[in-house]
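Using the hints, position chain X against chain E.
2 protein chains.
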Amino acid sequence: LPKLTYCLAIAVDEGLLFASDSRTNAGPDQLSTHTKMHVYGLDGARQIVLLSAGNVALTQAIVTRLRRDMEADFARTLAGVRDLLEAAEYVGEVSRDLQAKHGQGLAASGGSPEVTFILGGQIGTEQPGIFLIYPQGNYLSCSEHEPFLQIGEAKYGKPVLARIIRRETPLADATRCALVSMDSTMRSNATVGPPVELLVYRRDSLKIDSYASLGEDDPYVLETRAAWNQKIVEAFGKLPGFSWDGRTEVKTPIL
Amino acid sequence: LPKLTYCLAIAVDEGLLFASDSRTNAGPDQLSTHTKMHVYGLDGARQIVLLSAGNVALTQAIVTRLRRDMEADFARTLAGVRDLLEAAEYVGEVSRDLQAKHGQGLAASGGSPEVTFILGGQIGTEQPGIFLIYPQGNYLSCSEHEPFLQIGEAKYGKPVLARIIRRETPLADATRCALVSMDSTMRSNATVGPPVELLVYRRDSLKIDSYASLGEDDPYVLETRAAWNQKIVEAFGKLPGFSWDGRTEVKTPIL
Numbered sequence: 433l434p435k436l437t438y439c440l441a442i443a444v445d446e447g448l449l450f451a452s453d454s455r456t457n458a459g460p461d462q463l464s465t466h467t468k469m470h471v472y473g474l475d476g477a478r479q480i481v482l483l484s485a486g487n488v489a490l491t492q493a494i495v496t497r498l499r500r501d502m503e504a505d506f507a508r509t510l511a512g513v514r515d516l517l518e519a520a521e522y523v524g525e526v527s528r529d530l531q532a533k534h535g536q537g538l539a540a541s542g543g544s545p546e547v548t549f550i551l552g553g554q555i556g557t558e559q560p561g562i563f564l565i566y567p568q569g570n571y572l573s574c575s576e577h578e579p580f581l582q583i584g585e586a587k588y589g590k591p592v593l594a595r596i597i598r599r600e601t602p603l604a605d606a607t608r609c610a611l612v613s614m615d616s617t618m619r620s621n622a623t624v625g626p627p628v629e630l631l632v633y634r635r636d637s638l639k640i641d642s643y644a645s646l647g648e649d650d651p652y653v654l655e656t657r658a659a660w661n662q663k664i665v666e667a668f669g670k671l672p673g674f675s676w677d678g679r680t681e682v683k684t685p686i687l
Numbered sequence: 433l434p435k436l437t438y439c440l441a442i443a444v445d446e447g448l449l450f451a452s453d454s455r456t457n458a459g460p461d462q463l464s465t466h467t468k469m470h471v472y473g474l475d476g477a478r479q480i481v482l483l484s485a486g487n488v489a490l491t492q493a494i495v496t497r498l499r500r501d502m503e504a505d506f507a508r509t510l511a512g513v514r515d516l517l518e519a520a521e522y523v524g525e526v527s528r529d530l531q532a533k534h535g536q537g538l539a540a541s542g543g544s545p546e547v548t549f550i551l552g553g554q555i556g557t558e559q560p561g562i563f564l565i566y567p568q569g570n571y572l573s574c575s576e577h578e579p580f581l582q583i584g585e586a587k588y589g590k591p592v593l594a595r596i597i598r599r600e601t602p603l604a605d606a607t608r609c610a611l612v613s614m615d616s617t618m619r620s621n622a623t624v625g626p627p628v629e630l631l632v633y634r635r636d637s638l639k640i641d642s643y644a645s646l647g648e649d650d651p652y653v654l655e656t657r658a659a660w661n662q663k664i665v666e667a668f669g670k671l672p673g674f675s676w677d678g679r680t681e682v683k684t685p686i687l
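From first to last, the protein sequence lines are chains E and X. Quick note: the first sequence uses the working numbering, first residue 433, plus one each step. Quick note: the second sequence uses the working numbering, first residue 433, plus one each step.
Source of the hints: derived by calculation from the structure; they are not laboratory data. Hints are supplied without guarantee of correctness; some may be wrong.
Copies of the same chain look alike in the list, so a pair counts if it works inside one copy or between any two.
[As the list claims (entries may be wrong)] Pairs of lysine to aspartate or glutamate residues, derived as EDC-like cross-links and limited to a Cα-Cα distance of at most 16 Å, are as follows: (1) K533 / D650; (2) K683 / D641; (3) K533 / E546; (4) K670 / E655; (5) K683 / D475; (6) K639 / D475; (7) K639 / E681; (8) K639 / E446; (9) K639 / E558.
For reference, chain E alone in the conformation it holds in the complex (with noise of 0.2 Å):
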């Protein structure tokens, strides 16, 4: 099944980065574009972002029932939960109740009925962090040696990732790096597209610092394509060359 979604969160100590894309389609002919970023802030009081992957039609489900929880000044929304654990709990139920409720149809119909989410954030005097809400509701924070965390189209962006972010990378590096992943999956996967939507959170502040939405022909996007492609050429063509002297193994045909 293709993923069709690639979001991901980064948490170094001076804050917080996320990044998704925007490709959805419902069927092959009817590929749109649609935010999988969702921001719940309260100014100088708490700042929570919602990245999702999985089923569009759900996640808007998901997404107005938290809402809707709140307009009912429920005592457990995303206005009121105390941490951010809280609030993984909160948002892993109420996805796993609406993935309960409209599963088997869309099952049924050969859709997949999961949902996947990132949440991260900071809710007043507490750390910033960043979590995974699996389809079942549960979660699991990002470990420290690699502080960040991917859902949908993960896997061709993980290098990269994995070699540059550890928590004492600035939040400029982790910008450019989200990006540099973004864009080798986007180059590798037609059902990851733009869109890039970019926000970033600095520790402490209790508002978002700043956010874009970067289209196709977005000047940085298309400078930074080219220096990294050019960059990764270079870097391969200075590794050291692998040579065939001394090592005389064989490999015994069959015929």
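Below, chain X without anything else, positioned relative to chain E:
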């Protein structure tokens, strides 16, 4: 499902490069190593290399059948087919037959009954080539623009191949690039592991040029891993920085 394998073949003007990992398992506590590279060669007449991804027992059954067909002197064997297309068609049929025979039992016990192959080489005076053989028995050759094929856990190691490999790439560079691609994959996925087998076939030689099996501690593998990591980090450091100046978009929060 974990893929448990990464194999690739590259077809450049100078000839062909084959690479395969050796990690297999038959359950989480039965990790083992096993060759996924099989050579059918008659020096001066034909060389055929087969790389496999998928169920290990089924692969063995297929490889055994290919050999027995030759021992039985059947008209249609890897020793007898007139060209690589016929070889791919023949291997695809044997694969499909044996998957059909064992598939139901394997699927019932939760195993995957599928095997995917890369077949490449040269027969007589025809062009060298590489083919991907699907579990269904159908096959395709590589594209002219990206003259390589991958099976198994292909995504982590694809971007570097797509950036470097062209028809005119020298075989020595193809060899290095295959190792970089393999190393990025092994670094990202524990189900792909050493030793890495490498085989070079030079156009029109009708014999295997070089073969090596590189263990975990192979000095060249270790040197390349460290050098590539350092060069990627350096290259990344030279990318243009992302500037938020003049970008005034705002993401409206839902709270």
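Check: Checking against the hints above, which ones are violated?
Finding: The structure breaks only hint 1.
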